[in-house]
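Chain residues, written in single-letter form:
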Amino acid sequence: MSAQAPILMTPLAKKKIGHERRKLFLGLAFISPWMIGFLAFTLYPLLASLYYSFTNYSLFGSPKWIGLENYINLFSDPKFYKSLGNTLIFSVIVVPASIVLALGLAILLNNKLRGNSIYRTLIFMPSVVPAVASAVVWIWILSPQWGLLNGALRLIHLQGPPWLSSPDWAKPALLIITLWMIGSDMVLYLAGLQEIPLDYYEAAELDGATAWQKTIYIVVPLLTPIMFFHLINAFIWSFQYFSIPYIISVQGSGQPADSLLFYPLYLYQNAFRYLKMGYASAMAWLLFLLVMVCTIIILRSSKSWVNYGN
Amino acid sequence: MNNKRLFTLASVILVLSMVLTACGASATKAPAAATQAPAAGGPVVTITFWHGFNAHEVDFLNGIIAKYWTPTHPNIKVVTTGNKSNDDMLTAMSGGDSPDVIMGGSSEVATLWASQGAIIDLTSAIQPIKAQLESEDVPAGLEWGMYQGKYYALPFVNYNWGLYYNKDLFTAAGLDPNKPPTTVDELKADAIKLTKVDASGNITQLGWMPLNDEWRALNFIMNQGGKFYDPATGAPTFNDPNIVSAFQWDLDLQNTFGLSKVTAFTTGFNQGDNPFQLGKVAMYIDGCWNPEFFKLNAPNLHYGVAAIPYSDPKYANANDLGTNPIMIPVASKHQKEALEFAIFFATNKDIAREFSAEISNLPQITSELTTFTQDPNTQFFAQLSTSANAAAWAPVPYSQKYLDEMTSAIGQMYNSGVAPKDALDAAQQILLQDAKGYTK
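So the sequences go chain by chain: A and B. Quick note on numbering: this note's numbering labels position 204 of the first sequence as 204, and the sequence is numbered without any gaps. Quick note on numbering: this note's numbering labels position 373 of the second sequence as 373, and the sequence is numbered without any gaps.
Same shape as in the complex, but just chain A (with noise of 0.2 Å):
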């Protein structure tokens, strides 16, 4: 091609440019609070840890670099596998749950009835408790002897399980206090279930389907996208659970015989209990590494099952 001769500048073209810039530049400075925090809090530390997950160190001295070596001792780290196992099932089993009971809650409390704004206001208040305060009562409404739960069961003639003091039965008692606070995710339902028209419920009476039906062909189909919202940030959640299960296993330790010991909680003890901060780093992205390739596992199914609607 050949040498164009320079464009030339009309003034009104000088002036666009020049009101394009400045519109740039004041978007970029109503931006940079937020941009100057997520450079300084969240890419620099994400961008840190990275690079220490290939040293030793300990928080003072300066990083020794050893390249894959963390990763490779994870691999023959029992405990990292034990942790892993513990994230795992826990959250196979908290996931399917708190999608079912908070759905299930929405539906019941989907209606005109009287007092529906005082259960929904009683189901969702606890999980604006916070983490630590919930941990504590329930440590002790789960007491062998003398809590709420046992004493409970003990009125129907059952003999209620040591909860937190048998390692068979902390998981249990973890989703137990898990599943309490599932408020937050049933005002999630209640929402989307707003939204579907009830001409769809006229419809289908009129084809003469009965609840149940109406709920399989009808409400679940048209709440898929919130399924799949609250199916992917729960995954997230349940691999990064750290607050109550440290406060209700004595000091974070896990126990009892680790059988609390998740993920999360292992990381902070190599972190913090044994100073080894490359260790924790190394772990930390390889929970990364496992959250994403789950959620693009979910992503990419989600298009056999969720449902858009149009």
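Where hints are given, some of them may not hold.
[Claimed, not checked] Calculated cross-link-like contacts (lysine to any residue; reagent style SDA-like; alpha-carbon spacing at most 20 Å):
hint, chain 1, residue 1, chain 2, residue 2
1, A, Lys79, B, Ala419
2, A, Lys64, B, Tyr438
3, B, Lys436, A, Pro63
4, A, Lys79, B, Gly417
5, A, Lys79, B, Lys436
6, A, Lys79, B, Asn239
7, B, Lys436, A, Asn56
8, A, Lys82, B, Gln429
Honestly, the hints are just simulated from the structure, not real lab data.
Based on these hints, arrange chain B on the given structure of chain A.
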């Protein structure tokens, strides 16, 4: 101004005030009682002292500092902050605002922090008083503060563990309440006599509390000749035959009644309840601070204290002597003053005596062991701390991981039926691998 501008201005002021509040908030500090006017010609240096005590112990500590330190050291003002956990201290030491003197919340942190360069080597600072320190202090208490043969922490009020036994339950079972078991064979025989089982095989009274707690376990193991590490190399020796046999002995004893029955019994108590205090367990291992506890919470409990039974007399009177290590962070900006205070605090006999009595621990200075308390049970523990077999159970950098691996192994042995040899072999492999990361 129109409404929109007014609203914007109000919002900005509100946000700014919230930001300023957040920035201005700081941890509450409890200054020591008012200092006297500084001596002429000396600038006053203020140093911060972090510790893990809380409630009334904070005030007591400040009172002690005001009574013994302040009058003779008007140029160095000490500001204490209580309720600081090991994690709090770690964060502060690695950040920009480190305290000048810290008292660790557990014995085990000193070796780890020393090995990672978080606390300073005290060798040159204590050179003038090293001979005095080593002759005056209870020897075992000094072990936790040493790393690679150098002092990194000074001991402050020690603590140890011993055998508690219920005299009333002894009498009821036909045993002499003044003759607790001294050997493990006697212990086993007594434990069986003192255990009561109801018609369905459930335990209603347990003779011997199982070793399913790492502190009971390691103290018991020390009396069976178990060695947790090799002093020459610093390597762990968790599958030492004496350790394996100690756990095996305990499991066999519990299996006399059924381990699951025993576990059901011991887990049936509330978190925070002490089954021994409730008269449901006849013998157990616990710390030297309990006599004061029992005075307050169970004044009618007739109990005695004794050394933990041994398997061989040469292991007798063994106990893990823990301490509250006094350390100086590398990041401290007033190391000279901090050292002066730390050395004073850790070697002053009055402070050791008074603080031990207050928190039911044992003075780290031998001469005070006989004068700090009138309680015969506490006096027993004080004497126990000077026994030849009193020691730090594992003064190695990986001791925190060691504790956690022990807890896991105990869980496997007592809850999941894994044989001691297998559980300890597996834990030993993990610890060996971990220990490689630390230079001895």
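message: Checking one constraint from the list: CA of Lys79 (chain A) to CA of Gly417 (chain B), max 20 Å. Satisfied?
response: holds, 18 Å
query: Is the straight-line distance between the alpha-carbon of Lys79 (chain A) and that of Lys436 (chain B) 20 Å or less?
result: Holds, at about 17 Å.
task: With a cut-off of 20 Å on the C-alpha distance, tell me whether Lys64 (chain A) and Tyr438 (chain B) pass.
output: holds, 13 Å
message: For a C-alpha distance cap of 20 Å, please report whether Lys79 (chain A) and Asn239 (chain B) respect it.
response: Roughly 18 Å separates the two Cα atoms, so the pair holds.
task: Would you check the hint for Lys436 (chain B) and Asn56 (chain A), treating anything up to 20 Å between C-alpha atoms as holding?
output: holds, 12 Å
query: Straight-line Cα separation of Lys436 (chain B) and Pro63 (chain A) no greater than 20 Å?
result: Holds. Lys436 (chain B) to Pro63 (chain A) sits at ~17 Å (cutoff 20 Å).
- request: Quickly compare the C-alpha distance for Lys82 (chain A) and Gln429 (chain B) to 20 Å and report which way the hint goes.
  value: Holds: Lys82 (chain A) and Gln429 (chain B) sit about 16 Å apart, inside 20 Å.
field: Hint consistency between Lys79 (chain A) and Ala419 (chain B) [alpha-carbon to alpha-carbon, up to 20 Å]
entry: Distance ~19 Å between Lys79 (chain A) and Ala419 (chain B) Cα, so the pair holds.
Consistency with the previously given hints is maintained throughout, with no hint failing.
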